[in-house]
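Asker: Residue numbers (the numbering used here), protein chains in the order written: chain A, 1 to 347; chain B, 1 to 176.
Note that these hints are calculated values from the structure, not bench results.
A couple of the hints might just be wrong.
[What the hints assert, rightly or not] Over 12 Å on every C-beta distance to chain B, these chain A residues come out as not near it, computed from the model:
hint	residue
1	Ala50
2	Phe57
3	Asn65
4	Pro99
5	Arg100
6	Glu119
7	Tyr144
8	Lys148
9	Phe160
10	Arg213
11	Lys274
[To be verified] Below, a sample of chain B positions facing chain A; criterion: calculated Cβ distance under 8 Å:
hint	residue
12	Pro85
13	Thr129
14	Val133
Every value quoted in this text rests on a predicted model; they were computed, and no experiment measured them.
Just so it is clear, CB atoms sit at the ideal spot from N, CA and C, and this is done for glycine as well.
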Amino acid sequence: MEETFFPGRNCASCGQPAMPGDHPTPLCADCRDHFVRFPIPHWVRAFAGAVVILVLFSLYTFPKNISAAIALEKGKKAEKEKKYVTAQREMEDVLEKIPRNVEARGHLIIDAFYNSDYEAMGEQYEYVRYSSFDDHDLVGQIDYVMSKSSPLFVDSTDSFPKFRKAHPDLQLVPDTTWKNYMGKNPHDILALSAYGNILYDSGRFELCDSCMRQVLLLDRENEAAFGMLSAVKRKQHKPDSALYYNDRLLAINKELPYGLESRARTLLMLRRDKEALALAKEGFELGNKDLYSQTTLILAYHFNGLATDRDDLIKEATVAAANADSSDRKAFHYAMDVVNNKEKFRD
Amino acid sequence: MFIPGFVITLLTFPGVIVHEFAHQLFCRLYKVPVFEVVYFRLGNPAGYVMHEAVKNKAQGIMISIGPFIVNTVIGALVSLPAVLPIFRFHTATPLDYVLIYLGVSIAMHAFPSRGDANVIWNSVKEPGTSPLVKFIAYPIVGLIYLGSLGSFFWLDVMYGVGVAVGLPNLLIYLLA
Numbered sequence: 001m002e003e004t005f006f007p008g009r010n011c012a013s014c015g016q017p018a019m020p021g022d023h024p025t026p027l028c029a030d031c032r033d034h035f036v037r038f039p040i041p042h043w044v045r046a047f048a049g050a051v052v053i054l055v056l057f058s059l060y061t062f063p064k065n066i067s068a069a070i071a072l073e074k075g076k077k078a079e080k081e082k083k084y085v086t087a088q089r090e091m092e093d094v095l096e097k098i099p100r101n102v103e104a105r106g107h108l109i110i111d112a113f114y115n116s117d118y119e120a121m122g123e124q125y126e127y128v129r130y131s132s133f134d135d136h137d138l139v140g141q142i143d144y145v146m147s148k149s150s151p152l153f154v155d156s157t158d159s160f161p162k163f164r165k166a167h168p169d170l171q172l173v174p175d176t177t178w179k180n181y182m183g184k185n186p187h188d189i190l191a192l193s194a195y196g197n198i199l200y201d202s203g204r205f206e207l208c209d210s211c212m213r214q215v216l217l218l219d220r221e222n223e224a225a226f227g228m229l230s231a232v233k234r235k236q237h238k239p240d241s242a243l244y245y246n247d248r249l250l251a252i253n254k255e256l257p258y259g260l261e262s263r264a265r266t267l268l269m270l271r272r273d274k275e276a277l278a279l280a281k282e283g284f285e286l287g288n289k290d291l292y293s294q295t296t297l298i299l300a301y302h303f304n305g306l307a308t309d310r311d312d313l314i315k316e317a318t319v320a321a322a323n324a325d326s327s328d329r330k331a332f333h334y335a336m337d338v339v340n341n342k343e344k345f346r347d
Numbered sequence: 001m002f003i004p005g006f007v008i009t010l011l012t013f014p015g016v017i018v019h020e021f022a023h024q025l026f027c028r029l030y031k032v033p034v035f036e037v038v039y040f041r042l043g044n045p046a047g048y049v050m051h052e053a054v055k056n057k058a059q060g061i062m063i064s065i066g067p068f069i070v071n072t073v074i075g076a077l078v079s080l081p082a083v084l085p086i087f088r089f090h091t092a093t094p095l096d097y098v099l100i101y102l103g104v105s106i107a108m109h110a111f112p113s114r115g116d117a118n119v120i121w122n123s124v125k126e127p128g129t130s131p132l133v134k135f136i137a138y139p140i141v142g143l144i145y146l147g148s149l150g151s152f153f154w155l156d157v158m159y160g161v162g163v164a165v166g167l168p169n170l171l172i173y174l175l176a
């Protein structure tokens, strides 16, 4: 609150002759100067100084906190836009700065699930499983992705991890053994997906197609099934159908590197080469630059007439292929056959 | 919930100090003599600044609404480093709670008092006041009275929390 002061005609403070001029209060020059600079008491200065010291002390952690908060917000926005690779990177950035933050860990579980990074997912779940969350929506989403990925983490007698332990090389498992297992575990999505992979690798595309459709009956948004079906449709020279499954896959995760690369391959089949190159590059940058990324980009460079870029990448991919498993090596050789005109990739 | 005003004032005394300091600061800025400053007391009003009548109406208005600017800015700045550890990361230390308390206390005393509104009202009522100053001053007086009325419904507290907690969060949302 402020109050006005209306003193008498002479200097209200000392009685000396007042300053000339049209001032509401008659004051001499010294008194006017004194009252204009009315002293701020020491205790007010000390109070202000203490507050400033506290703020400065607290500002020590401020840059780290604000950049973590911005990363958290960016990650949440990316998650809403289904850009899970960006979201996962932002959440990892938050945890680098604030390792105890359970909210970022919770989001990371979701992002890692949609990026098929099950190792990161399991690691974060172990950390937060006994933590409490303020955000009930986040808890609901974590429960949803954990229930979808439960076959990876549950260890029951007939679960697929046990089957894998008993059969280290799945390629060598006879069809009768698969059928026996499926008979006992008709809802085992993991096993169906693995079996579908084997059918694809052995060129039994019709069977692979029906196997993956079975997966989609159990899980309408199964990323692996969409990815496999688009590959099957390309092998069957049905690029329009392949594109349909590519779009379904990218509708779940707009940044899934495999999804982008798979779509790039389909677009190459459709001779939409420039679009394909842009997508192949995007997938390559977003992903871990594995052999599938490399060979997709090699094919995109090849069909866009960028021979130098293609050959540079072939050198890198050749090194990677030497250390890859048989399935990846086969994919690499297929791409090389396309480049060397030994394999017809498109009509 | 009804809590007597003097209890709230007592609990949020740093805001009263900054409020009166803001009046004094603007007086010094416009070279207006100040005769007495009470930064805080147990009474009504809890603090006041006694200064010379201001001839320049615009300066008079600025002296009256000075706390709105100063308390808002200082309240936001003081609480800024503490908001994230408390509300985002749950990594707060006791210091962060002290800063949030100070920030909210300071920001919630940003509203000029009815006494401040009366000073503006009496000043612009005088003959010779330009229509432009009246055009600006009357809504300000109205808003101050509305704010004062709103304090019955915790508007001052809501404003304090909004400035101290809401602004940093809004800033982060905009930066992300």
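Asker: Each hint: holds or not?
Answerer: Evaluated hints:
| no. | hint | result |
| --- | --- | --- |
| 1 | Ala50 | 10 Å, violated |
| 2 | Phe57 | 7 Å, violated |
| 3 | Asn65 | 4 Å, violated |
| 4 | Pro99 | 10 Å, violated |
| 5 | Arg100 | 6 Å, violated |
| 6 | Glu119 | 25 Å, holds |
| 7 | Tyr144 | 24 Å, holds |
| 8 | Lys148 | 28 Å, holds |
| 9 | Phe160 | 38 Å, holds |
| 10 | Arg213 | 41 Å, holds |
| 11 | Lys274 | 32 Å, holds |
| 12 | Pro85 | 6 Å, holds |
| 13 | Thr129 | 15 Å, violated |
| 14 | Val133 | 17 Å, violated |
When each numbered hint is compared with the structure, violations occur for hints 1, 2, 3, 4, 5, 13, 14.
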